Amino acid sequence: MTYVALAYGFIWGAVFIYVLLVGRRVARIDAEIEDLRRRLKPRA
Amino acid sequence: MLSTMPSARRSRARFLVGLLLTMHGFFVAPLLVANAPLEKTMGIVQKIFYFHVPCAWLLILSTFVCAGGSLAYLFAGSERGDRLALCSAELGVLFGLCVMVTGPLWARAAWGVFWTWDVRLTSSLLLWLMLIGYGLARRYGGAGGRRLAAAMALFAAADVPLVYLSVNLWRGLHPNTRTVSSLAPGMRLPFFFSLAIFSALWGVLLALRMRAEHSQARLVELAIAIEDAEGNSA
Numbered sequence: 000m001t002y003v004a005l006a007y008g009f010i011w012g013a014v015f016i017y018v019l020l021v022g023r024r025v026a027r028i029d030a031e032i033e034d035l036r037r038r039l040k041p042r043a
Numbered sequence: 000m001l002s003t004m005p006s007a008r009r010s011r012a013r014f015l016v017g018l019l020l021t022m023h024g025f026f027v028a029p030l031l032v033a034n035a036p037l038e039k040t041m042g043i044v045q046k047i048f049y050f051h052v053p054c055a056w057l058l059i060l061s062t063f064v065c066a067g068g069s070l071a072y073l074f075a076g077s078e079r080g081d082r083l084a085l086c087s088a089e090l091g092v093l094f095g096l097c098v099m100v101t102g103p104l105w106a107r108a109a110w111g112v113f114w115t116w117d118v119r120l121t122s123s124l125l126l127w128l129m130l131i132g133y134g135l136a137r138r139y140g141g142a143g144g145r146r147l148a149a150a151m152a153l154f155a156a157a158d159v160p161l162v163y164l165s166v167n168l169w170r171g172l173h174p175n176t177r178t179v180s181s182l183a184p185g186m187r188l189p190f191f192f193s194l195a196i197f198s199a200l201w202g203v204l205l206a207l208r209m210r211a212e213h214s215q216a217r218l219v220e221l222a223i224a225i226e227d228a229e230g231n232s233a
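From first to last, the protein sequence lines are chains A and B. Here the first sequence is numbered in numbering that gives the first Met the number 0, starting from 0 and rising by one per residue. Here the second sequence is numbered in numbering that gives the first Met the number 0, starting from 0 and rising by one per residue.
If you're looking for bench data, these hints aren't it; they were derived computationally from the structure. Note that the coordinates shown come from a computational prediction; the quantities given were computed from them, not determined experimentally. Some hints could be false.
Below, a list of computed lysine to any residue pairs in the SDA-like style, where the Cα atoms sit at most 20 Å apart [what the hints assert, rightly or not]: (1) Lys40(A) - Glu220(B); (2) Lys39(B) - Tyr2(A); (3) Lys39(B) - Ala224(B); (4) Lys40(A) - Asp227(B); (5) Lys40(A) - Glu229(B); (6) Lys40(A) - Glu226(B); (7) Lys40(A) - Ala224(B); (8) Lys40(A) - Ser214(B); (9) Lys40(A) - Gly185(B); (10) Lys39(B) - Leu172(B); (11) Lys40(A) - Leu221(B); (12) Lys39(B) - Leu182(B); (13) Lys39(B) - Pro174(B); (14) Lys39(B) - His51(B); (15) Lys39(B) - Thr1(A).
Generate coordinates for the entire structure from the input sequences, incorporating the hints supplied.
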């Protein structure tokens, strides 16, 4: 039972960490895009 | 900007719905697996099969999608294909890691060792390492890194038939390809449900990762536009 729980727990943990990392990256890029848009707006 | 907001919200909503459905499945799958009949010789540890095989399937799917995207990039110059290849290679590394961890846990209980140089295990390890190599070639390969990585993806795809058929061609410790088709009736529903949920999760993660790549491309376009505007005003 321990091995089964370890296997399933590992998959959960790996997917959770991956989603967290990609989600944070998307948020950072979106913030940078907004910043650049604000900088570009007065010139337009 | 305003005109693009609703579609951005829609895509976020679609992503959240997909994620919730998948997460729901991740809670239901263990219940089905727990109620599945016990395998006679291995007992409860055989239940790792319900998660290990879907992860291995996603490793193979990721490799094929990565190779398809790489082909589009190499022969048609498709940037979208290149982005798809990168995202699927990353998912291949993620699910390959799950295979490399869950497999040895099962092996320890069934064979008494975490690892043995069985041809299925070795060819799977090579496939996983090739996908890691793909990422490294892109990151550190310099100007031609993306083309080099794309060529590596084709080699990785060529390894997939070897991985799949190795258990039939060379009789090792690993169960052969007829295991799924010979499953007991009570084991089929939990297995195929788990396979469907893992595949759905893969789709959701690919969409999330593609969105990150798309945003990154837009960021580069905006930075170039600002540089041009600054150059014109100087």
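Results of checking the hints against the structure:
no. : hint                 : result
1   : Lys40(A) - Glu220(B) : holds, 15 Å
2   : Lys39(B) - Tyr2(A)   : holds, 17 Å
3   : Lys39(B) - Ala224(B) : violated, 66 Å
4   : Lys40(A) - Asp227(B) : holds, 14 Å
5   : Lys40(A) - Glu229(B) : holds, 13 Å
6   : Lys40(A) - Glu226(B) : holds, 14 Å
7   : Lys40(A) - Ala224(B) : holds, 11 Å
8   : Lys40(A) - Ser214(B) : holds, 19 Å
9   : Lys40(A) - Gly185(B) : violated, 62 Å
10  : Lys39(B) - Leu172(B) : holds, 18 Å
11  : Lys40(A) - Leu221(B) : holds, 11 Å
12  : Lys39(B) - Leu182(B) : holds, 12 Å
13  : Lys39(B) - Pro174(B) : holds, 15 Å
14  : Lys39(B) - His51(B)  : holds, 19 Å
15  : Lys39(B) - Thr1(A)   : holds, 18 Å
Hint check: violations occur at hints 3, 9; the rest are consistent with the structure.
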